[in-house]
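Using full-length UniProt numbering, the first residue of the sequence shown is number 1, and each one after it goes up by one.
If you're looking for bench data, these hints aren't it; they were derived computationally from the structure. Incorrect hints may appear among the rest.
Ranges between beta-carbon positions, derived for each pair [stated by the list, open to error]:
no.: 1; residue 1: Lys136; residue 2: Ala431; range: 53 to 63 Å
no.: 2; residue 1: Glu382; residue 2: Gly23; range: 36 to 46 Å
no.: 3; residue 1: Asn30; residue 2: Asn193; range: 18 to 28 Å
no.: 4; residue 1: Ile106; residue 2: Val188; range: 34 to 44 Å
no.: 5; residue 1: Phe397; residue 2: Lys332; range: 19 to 29 Å
no.: 6; residue 1: Asn193; residue 2: Asp257; range: 32 to 42 Å
no.: 7; residue 1: Glu382; residue 2: Val443; range: 24 to 34 Å
no.: 8; residue 1: Ser67; residue 2: Gln336; range: 27 to 37 Å
no.: 9; residue 1: Glu91; residue 2: Glu111; range: 13 to 23 Å
no.: 10; residue 1: Ala329; residue 2: Arg89; range: 23 to 33 Å
no.: 11; residue 1: Lys332; residue 2: His144; range: 39 to 49 Å
no.: 12; residue 1: Val142; residue 2: Gln336; range: 39 to 49 Å
no.: 13; residue 1: Pro273; residue 2: Arg89; range: 26 to 36 Å
no.: 14; residue 1: Val188; residue 2: Pro98; range: 27 to 37 Å
C-beta: ideal position from N, C-alpha, C; glycine also.
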Amino acid sequence: MICLSKSFSVGYIQMCLDTFNFGRTEVIDNTLNPDFVRKFIMDYFFEERENLRFDFYDVDSKSPNLSKHDFLGQMFCTLGEIVGSQGSRLEKPIVGIPGKKCGTVIVTAEELGCCRDSVLMQFCANKLDKKDFFGKSDPFLVFHRSNEDGRTIKVEVYDWDRDGSHDFIGEFTTSYRELSRGQSQFNVYEVINPKKKGKKKKYVNSGTVSKYILLNLILALTGNPSQPTSLHYMNPYQLNAYGMALKAVGEIIQDYDSDKMFPALGFGARLPPDGRVSHEFALNGNPQNPYCHGIDGVMEAYYRSLKSVQLYGPTNFAPVINHVARYAASVKDGSQYFVLLIITDGVISDMAQTKESIVNASKLPMSIIIVGVGPAEFDAMEELDGDVVRISSRGKFAERDIVQFVPFRDYIDRSGNHVLSMARLAKDVLAEIPEQFLSYMRVRGIKPSPAPPPYTPPIHVLQTQI
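Build the full structure now, drawing on both the sequences and the hints.
Pasting the structure below:
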């Protein structure tokens, strides 16, 4: 539903800081609730942040120049937000005119199928309307898919005219499943005239991704967070290395979480007031409710914790991996998938235990992302990655490759462009997550969830503008 009048929208897509006009919808006359038909095909990359902007205008003339029309508002989102929404259907308010409610816009996404099957069909018709003055009609069929998964096929019947002004006879709807039954009483369709609007269908998601974010607050080489030489240094003008890594990965993957509430824990620090060493504490200081709203909330909790805790060793990965594994072990039906993000300076104290934890976790619905920051050698992390040699423990190999490691220093832009550095990091660190997710589902034989009921737009009284 879009509360506009005689309007059309112009969709912009922004990638890699370059903004360009991606395309325009058709114009729909005299309605406050236009339902646009034109679709836009774009490449979707799970590991990248693809920013979209939709601008809405009231059309006053046939001029293609937007300055000739009235601007009504705009909506900002990412492609990941749309894909990650329930049923790949995102509803957001239109903003842009101060003090005025601009309505809402609903955007849906559907995956383009890659089917190479060929189908041969034959039809016959009976008692079609006569459209020619002398003789019978010369009918032909036009097939339409309401969306790319092809659940519903709309077939229009026309009478062919030499001058190209073909006469519409009627239409019917069917599906490939119905057509594949062959000739029977079930494959007889009434051709209806006037035309009726075909039903809309939505693409179906294959589970959810939950994420469990933990930050390694160990600092063997970086010193006091108040010192500029520290990797945790709180610079008022720019993010530190930990902050950049967290923001780069988190801003993309948060689009696939329904409530945007993240339990954020730290490990390896002395906690006030008694200075006890903890390897599992809430970054926001609330052990009963460690959830933070969005990645910005996690960032705020991280910086706040640096002011109240004293960083302390050793660096043990196994406890945090086991922590997330306990949650993942309780949900094996494919409804949730966990992603553990560890940001570390590279010093690991429990290599044998960590290997065993990863091997055990490879049977669970979870992935592990490790981002190494600082100048340390990351040989141990490369071993955990397992891209060359599958990780093993006590003679048992990991069932799946669930670890992705990248050193942050390899992505630092020499010109100082931190935005570009973060985009490159996120692209590589998230590239393996979709296949890891699918590999778990395939091994367990988990099928996609049943389709939710099709969305039916609300019925509104047609309003015209004089």
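Quick rundown of the hints versus the structure:
At roughly 60 Å, the beta-carbon separation of Lys136 and Ala431 lies within the given 53 to 63 Å, and the hint holds. Checked against the hint of 36 to 46 Å, the C-beta distance between Glu382 and Gly23 comes to roughly 44 Å, which is consistent with it. Take Asn30 and Asn193: their Cβ atoms lie about 24 Å apart, and the range 18 to 28 Å holds. Between Ile106 and Val188 the beta carbon distance is about 36 Å. The supplied range of 34 to 44 Å therefore holds.
Between Phe397 and Lys332, the C-beta spacing of about 20 Å keeps the proposed range 19 to 29 Å intact. At about 48 Å, the beta-carbon gap between Asn193 and Asp257 misses the expected band of 32 to 42 Å. Range check, Glu382 to Val443: Cβ separation about 25 Å, and the 24 to 34 Å hint holds. One distance hint, 27 to 37 Å for the beta-carbon pair Ser67 and Gln336, is violated here, with the actual separation near 48 Å.
The beta-carbon spacing between Glu91 and Glu111, approximately 20 Å, falls within the hinted interval of 13 to 23 Å. Restraint check, Ala329 to Arg89: a C-beta distance of roughly 31 Å satisfies the suggested window 23 to 33 Å. Distance hint check: the CB atoms of Lys332 and His144 are about 41 Å apart, consistent with the given range 39 to 49 Å. Range check, Val142 to Gln336: Cβ separation about 43 Å, and the 39 to 49 Å hint holds.
Separated by about 49 Å at the C-beta atoms, Pro273 and Arg89 break the suggested range of 26 to 36 Å. Taking 27 to 37 Å as the suggested C-beta distance range, the pair Val188 and Pro98 does not conform, at roughly 58 Å.
Going down the numbered hints, you'll see the structure goes against 6, 8, 13 and 14, while the others check out.
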